[in-house]
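Student: Given chain A's structure and the hints, the job is docking chain B onto it.
In the order they appear, the protein sequences are chains A and B. Numbering-wise (my numbering), the first sequence opens with residue 1 and increments by one. Numbering-wise (my numbering), the second sequence opens with residue 108 and increments by one.
Treat each hint with caution, since some may be false.
[Unchecked claim] Only pairs whose alpha carbons sit at most 20 angstroms apart, straight line, appear in this in silico EDC-like list of lysine to aspartate or glutamate:
id, chain 1, residue 1, chain 2, residue 2
1, A, Lys-69, A, Asp-11
2, A, Lys-3, B, Glu-166
3, A, Lys-3, A, Asp-67
4, A, Lys-3, A, Glu-66
5, A, Lys-94, A, Asp-11
6, A, Lys-52, A, Glu-31
7, A, Lys-3, B, Asp-180
8, B, Lys-116, B, Asp-180
9, A, Lys-69, A, Glu-55
10, A, Lys-94, B, Glu-166
11, B, Lys-116, B, Asp-145
12, A, Lys-3, B, Glu-137
[To be verified] Some chain A residues well away from chain B (every beta-carbon gap over 10 angstroms; in silico):
id, residue
13, Ser-9
14, Asp-11
15, Cys-12
16, Glu-14
17, Arg-16
18, Asn-23
19, Ser-28
20, Pro-44
21, His-49
22, Thr-56
23, Glu-58
24, Asp-67
25, Thr-72
26, Ile-74
27, Leu-95
28, Val-105
To be clear, the hints were calculated from the coordinates, so they are not data collected in a lab. No residue lacks a Cβ here, since even glycine has one placed at the ideal position from N, Cα and C.
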Amino acid sequence: DAKTTQPTSMDCAEGRAANLPCNHSTISGNEYVYWYRQIHSQGPQYIIHGLKNNETNEMASLIITEDRKSSTLILPHATLRDTAVYYCIVTASKLTFGTGTRLQVTL
Amino acid sequence: NAGVTQTPKFQVLKTGQSMTLQCAQDMNHEYMSWYRQDPGMGLRLIHYSVGAGITDQGEVPNGYNVSRSTTEDFPLRLLSAAPSQTSVYFCASTTLGWGNGYTFGSGTRLTVV
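If we strip away everything but chain A, and leave its shape as in the complex, we get:
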């Protein structure tokens, strides 16, 4: 599985867009980009995934660069309940979790 690099922590004001970056320069052609989040000590929650194209669902948008070496998860209007650790995972099979980005949403 490709290695990913994420910032350790980020802050975002409530109501603003949260843009979480992820570098995955060694990604292979058959590997997907997944995003999960973990709120406090709960089980991880699936957010979104993509292969090549940008994706959007009710939770977030995923922007993947044309060379697929990096991606950005966008939470369009962050709320306090979006405070969590966000994991970017690149894989063609099993999920391997790093330490993720701790997003703190503030008033």
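Tutor: Same frame as chain A, but now just chain B:
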């Protein structure tokens, strides 16, 4: 749908005791897996299964056994608990195939004293 159900939610064991962590899913998912999460760290894969009767080791399998007799259930057995196994354990499931999201349980917090 209940999703992925883990029991118990909390457990304290003495060193050397054995126990089974239960995981059940009602989504007819073929793939099930167990992770452990130590404080301040990401999740690490212990064992996984791609279907009934098929299991395989993950990143940190030592000290744990699994079996998969049904599609729904994937229990994790601790053979002889050690303090190093103090952790939060998560079970997850998904359908096989490309690009499917995993559903995680709410976790079992295990303390070995």
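Student: Each hint should be assessed against the structure and marked as holding or not.
Tutor: Cross-check of the supplied hints:
1. Lys-69/A x Asp-11/A: Not OK: Lys-69/A and Asp-11/A at ~24 angstroms, beyond 20 angstroms, violated.
2. Lys-3/A x Glu-166/B: The given pair, whose Cα atoms are some 15 angstroms apart, holds under the 20 angstroms limit.
3. Lys-3/A x Asp-67/A: holds (16 angstroms)
4. Lys-3/A x Glu-66/A: Since the Cα atoms of Lys-3/A and Glu-66/A sit roughly 18 angstroms apart, the hinted pair holds (cutoff 20 angstroms).
5. Lys-94/A x Asp-11/A: Between Lys-94/A and Asp-11/A the Cα gap is close to 30 angstroms, so the pair fails against 20 angstroms, i.e. violated.
6. Lys-52/A x Glu-31/A: Status holds; Cα separation ~10 angstroms.
7. Lys-3/A x Asp-180/B: violated (32 angstroms)
8. Lys-116/B x Asp-180/B: holds (17 angstroms)
9. Lys-69/A x Glu-55/A: holds (16 angstroms)
10. Lys-94/A x Glu-166/B: With Cα atoms ~11 angstroms apart, Lys-94/A and Glu-166/B stay inside 20 angstroms; holds.
11. Lys-116/B x Asp-145/B: holds (16 angstroms)
12. Lys-3/A x Glu-137/B: Outside the cut-off at roughly 27 angstroms; violated.
13. Ser-9: Holds, since 13 angstroms exceeds 10 angstroms.
14. Asp-11: At roughly 19 angstroms from the nearest Cβ of chain B, Asp-11/A sits farther out than 10 angstroms, so the non-interface label holds.
15. Cys-12: holds (22 angstroms)
16. Glu-14: Per Cβ check, Glu-14/A is outside 10 angstroms of chain B; nearest 26 angstroms; holds.
17. Arg-16: holds (26 angstroms)
18. Asn-23: Consistent with the label, Asn-23/A stays out of reach of chain B, its closest Cβ about 17 angstroms off (over 10 angstroms).
19. Ser-28: holds (13 angstroms)
20. Pro-44: Per Cβ check, Pro-44/A is inside 10 angstroms of chain B; nearest 5 angstroms; violated.
21. His-49: Violated, since 5 angstroms does not exceed 10 angstroms.
22. Thr-56: holds (15 angstroms)
23. Glu-58: For Glu-58/A, whose nearest Cβ neighbour in chain B is about 13 angstroms away, the distance exceeds 10 angstroms, so it holds.
24. Asp-67: holds (20 angstroms)
25. Thr-72: Holds, since 19 angstroms exceeds 10 angstroms.
26. Ile-74: holds (18 angstroms)
27. Leu-95: Label violated. Min Cβ-Cβ 6 angstroms, cutoff 10 angstroms.
28. Val-105: Per Cβ check, Val-105/A is outside 10 angstroms of chain B; nearest 21 angstroms; holds.
In this structure, the hints that do not hold are numbers 1, 5, 7, 12, 20, 21, 27, in rising order.
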